[in-house]
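Enquirer: Chain by chain, the residues run as shown.
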Amino acid sequence: MNKKWILPSLYILFLMLPIYGLLSMSFKTTNEILGGFSLFPQNFTLENYIKIFTDPTWYNGYINSLIYVCLNTVISVSVALPAAYAFSRYRFLGDKHLFFWLLTNRMAPPAVFALPFFQLYSAIELFDTHLAVALAHCLFNIPLAVWILEGFMSGIPKELDETAYLDGYSFWRFFIRIFIPTIAAGIGVAAFFCFMYSWVELLLAKTLTSVDAKPIAAIMTRTASTSGYELGLLAAAGSLTIIPGAFVIYFVRNYIAKGFALGRV
Amino acid sequence: MAIELRNVSLRIGAETHIYETNLSLQPGQFNILLGTTLSGKTSLMRLMAGLEKPTSGELWMNGEAVTGIPVQKRSVAMVYQAFINYPSFSVYDNIASPLKVAGLPKDEIDARVQQFADLLQLTPMLHRLPDELSGGQQQRTALARALVKGADLVLLDEPLANLDYKLREELRDELPKMFADSGATVVYATSEPLEALMLGGYTATLNEGRVVQFGETSSIYRQPDSLEAARVFSDPPINTATIEKRGNSAYLNDSVSWTVPAQLASMPDGRYSIGLRPHHLLPDGEGVKVGGEVQIAEISGSESIMRVNIEGNNWVSEAHGIHSFEFGEHRSFFFDSKRCLYFDSNDKLVETQV
Chain A
1 MNKKWILPSL YILFLMLPIY GLLSMSFKTT NEILGGFSLF PQNFTLENYI
51 KIFTDPTWYN GYINSLIYVC LNTVISVSVA LPAAYAFSRY RFLGDKHLFF
101 WLLTNRMAPP AVFALPFFQL YSAIELFDTH LAVALAHCLF NIPLAVWILE
151 GFMSGIPKEL DETAYLDGYS FWRFFIRIFI PTIAAGIGVA AFFCFMYSWV
201 ELLLAKTLTS VDAKPIAAIM TRTASTSGYE LGLLAAAGSL TIIPGAFVIY
251 FVRNYIAKGF ALGRV
Chain B
1 MAIELRNVSL RIGAETHIYE TNLSLQPGQF NILLGTTLSG KTSLMRLMAG
51 LEKPTSGELW MNGEAVTGIP VQKRSVAMVY QAFINYPSFS VYDNIASPLK
101 VAGLPKDEID ARVQQFADLL QLTPMLHRLP DELSGGQQQR TALARALVKG
151 ADLVLLDEPL ANLDYKLREE LRDELPKMFA DSGATVVYAT SEPLEALMLG
201 GYTATLNEGR VVQFGETSSI YRQPDSLEAA RVFSDPPINT ATIEKRGNSA
251 YLNDSVSWTV PAQLASMPDG RYSIGLRPHH LLPDGEGVKV GGEVQIAEIS
301 GSESIMRVNI EGNNWVSEAH GIHSFEFGEH RSFFFDSKRC LYFDSNDKLV
351 ETQV
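Which chain is which? The protein sequence lines are A and B, in order. In case it helps, the working numbering puts the first sequence at residues 1 to 265. In case it helps, the working numbering puts the second sequence at residues 1 to 354.
Only chain B is shown next, with the shape it has when bound in the complex (with noise of 0.2 Å):
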């Protein structure tokens, strides 16, 4: 199902969740918001449900204004990040109640629960009571009884926040494939910009209550339209510095320099903003050498995380391998200026071919 919000907004008592937010999503994608806590994802979410009424503007589906319509008599499911079952209920009844309350016939509820149950592996467990169960499984029946109503409209709020790092990246891997024949619209709530990549389908950053952009997940994350989308969908955050364009050169500072690309050629002289992000800037290789000054390494499995003064600038770089160094040591970067993400005085990205 096709979901507009138009002009929509969100302010409760003197504090604005949402400003004035327009988005349209097609049926049958699959949606991720992008954002930190208090982004505002959560909130456009429940505006998406229509559990919380929109300040100003409209919520359309399917061609139909549905601002004033109540949950009940939409075809919306929700999934939180805590896990949310009915105490009360077997597993059985949990997946089967919405279908219940629909007044569908008792045999095709048997037959709709048992197909979602044997998709979710939850078949050994249906006659238990969510309490019973381990985090995952919870979750899985909370998503089962999303799915199993068939709703137009599926929304995910950080569903695998909670859950262990194993349990997550199988889940994720299935959650795609689960939505991919139900033509719903599923949008998908995180905060991890690895997670966004992973799933794919559609991305639209979020940053204290705006949408910065939305686009295709794998373009808006090569060719964010903004520093600001930039900083969103970047992990660690995007290294940025302010240079010197002249001519054909941009300057970091007198001794760092490099020839821009042809877009960048044709503007005007003047100060830039680059972005580089922190797997772009290596501690061997070739390219543009920048001096820096070591001031935390860390080492997470198999990479290296280094946060490194160069220039003024506080960077980091994020190399494959195990690089060891000392505190306070000073060393060469390198960076492909093919890399770099250029911006102009008013943050907006100018164009660049990668």
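If we strip away everything but chain A, and leave its shape as in the complex, we get (with noise of 0.2 Å):
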């Protein structure tokens, strides 16, 4: 092995070591857990994994938190994308500062808004529905989607607009067959942060659902705390939570790349 990839590995195998405990873990009973540490499950079970594939009020957890994520993920970036084309495509009276702003409201944090999202979706009969938790994102989602978003456009020369409309092309139909196709690569990048932070947001998840919309990591706290401390079954849910982040991460990772490039990721 060449010496130059000692330190990477290194650096790799220590980020991995959380992980790694968290997945040996998930194989063990609590009780072995709690028994004291352990690099390898001596008890190898599969009983948490179980108890979460059939017991309905964890693995619906699953599924509302997916329900949110997509929703807000589909719901960012098509409301980004004609947003970003202003910004990239014309000038108009406070356009810069307009940009700017949206992305102080990513600087806000979320315990600021959730009592007045709280009472403003329990108004409108709203609370405990995906499309709550979706919107709520929105609030982050989409400066995030429209910032980057903005930057693939910028990329595009102007001319591929005007040439699409002296070939005839109407706004809309150069906008969906010609400019989307193009800028495909931002809008996977855009599309992977907002399913992220939509994913590992708590904190407006939790105070905006009660029951039918409950997101899979309110699950795992309520849990631990009425049943006392059922470690394996939280390792085994936080383990199963990664798989959707990474499934992502996998078909975006050549753009993500280019939007660094851009310096706007």
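Incorrect hints may appear among the rest.
[What the hints assert, rightly or not] With a straight-line Cα cutoff of 16 Å, these simulated EDC-like cross-link-like pairs (lysine to aspartate or glutamate) come out:
{"#": "1", "chain 1": "B", "residue 1": "Lys53", "chain 2": "B", "residue 2": "Glu15"}
{"#": "2", "chain 1": "B", "residue 1": "Lys53", "chain 2": "A", "residue 2": "Glu162"}
{"#": "3", "chain 1": "B", "residue 1": "Lys348", "chain 2": "B", "residue 2": "Asp181"}
{"#": "4", "chain 1": "B", "residue 1": "Lys73", "chain 2": "A", "residue 2": "Glu162"}
{"#": "5", "chain 1": "A", "residue 1": "Lys214", "chain 2": "A", "residue 2": "Asp128"}
{"#": "6", "chain 1": "B", "residue 1": "Lys106", "chain 2": "B", "residue 2": "Asp93"}
{"#": "7", "chain 1": "A", "residue 1": "Lys158", "chain 2": "B", "residue 2": "Glu52"}
{"#": "8", "chain 1": "B", "residue 1": "Lys289", "chain 2": "B", "residue 2": "Asp336"}
{"#": "9", "chain 1": "B", "residue 1": "Lys100", "chain 2": "B", "residue 2": "Asp110"}
If you are wondering where the hints come from, they were derived from the structure by calculation, not from laboratory data. Since the structure is predicted, the reported quantities are computational estimates derived from the model, not experimental observations.
Put the two chains together into one complex; each comes in its own frame, and the hints tell you how they fit.
Expert: Here it is as structure tokens:
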């Protein structure tokens, strides 16, 4: 093995340690976890996973999370596309200020919005629906998506738009048939980040749901407090939450480098 | 298609890009817009295409006012200096796209795409994506897309500027031929006087947002109607100097003089400007002899270009063959006084027979 690989390998090993710990715990019983530290499961068990996949209160958590995360990703990207196009193609009064203001939305802590959202959604009977969480997450994800997409769109020369108009394309036909395929990489990257932020966000998701749309992360915290420390079960649930992210990353891994090159990710 | 600009001007913010312009281009003509960077070539083209709305004035096509009509409804095609193609479409789909939008039947689209792919030698790469082509092939694709729809007005904005030398020469030869039978009005922007001369047709010389002169390319090269027009249409820049006309003679200074042509002789005495193209000022030969000090000498291929200070004027001499000079050397240059262009105190040409 080449020497230059030693340092990166050590770094990756270091990063993977907690994930390995989580995975190994998920195959242990709670008693073994509490009994002391061991590198490998002594009594290998799939009991934790079986429980999650058979108990509706558990697996519904995943389904709920996936529903509102996907819903949010679709809303965020489809709303951000025309907005980003406007920022990249048109000059209007205060455009730069507005663009920056969008970003400041990301600086506000979610806790600030939790209570007003709770009251508003209760009033319009959106409380405890997937849409409620999806809409709440738009607050952070739309600015992010606009920011990422604007970078990709500004990399496309304006002459492309003009050529299409001269060829006879109407705006929307051009936008859907030519422009969107051209910035597919950017859409992939924006969708990925929306997905990830929405997937890991807990405070708003927990506050705006009670039963029907409860996210997996909220179910994990509740279980831990009512039935003692079911650490093995928690570890299994935690391991499963990694999967969707890893899955999405696989699809956009090549595009993300491009996003970094534009300085927008 | 005839296209006519009537008092068209373009101002963006406080900046005037095009001053009031009147220009009328005839169907089937090959027209050249010649000017340096920022002279307004691209702005003028964008106005003709309808991509930019004129601040004042009107645009007429075939006797119809089209000023407010959206670009989609006009019969216009444009090729840019940067290679613009639809990145997600194959070469075939790129060329076919204007026909598809127009809703032509499939077999007709196919026939026309094949025809223009053959013409531009793109047949072997029809199924590749633009990114997989060389620069020349990308620009050919863009040209094919502009040609295929048979637009009445084709705008070419320095289409060859980003290509390498060899490809440029090749395409420059082919371009006028391609459009020869189409009946389209072609407008070709370039910053190189030599390119304009090679392409022929008609030329409008542009300077700082104004059309300086418009006419047949060779005639406006030979007879620029003002000093400004002569400057635009000369590379290296035209040599100028002030002369004093007394009777039948022109005096560059006390020791250098020559006989003026009949047209100038009949004009009143006084100060005039002359323009002399660099390739008419030679380090050997006969004619009017002037002394000068060599400041810079460079050899580009078979041409020697020398910058010399002649009687207080910075002049350029461009001669065939290799002439070597020492920096600061003092020596004689010659020019044929018949080659001089004379301009009056308003910088307007005093008509002469060449």
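Enquirer: Can you list which hints this structure breaks, lowest number first?
Expert: 3
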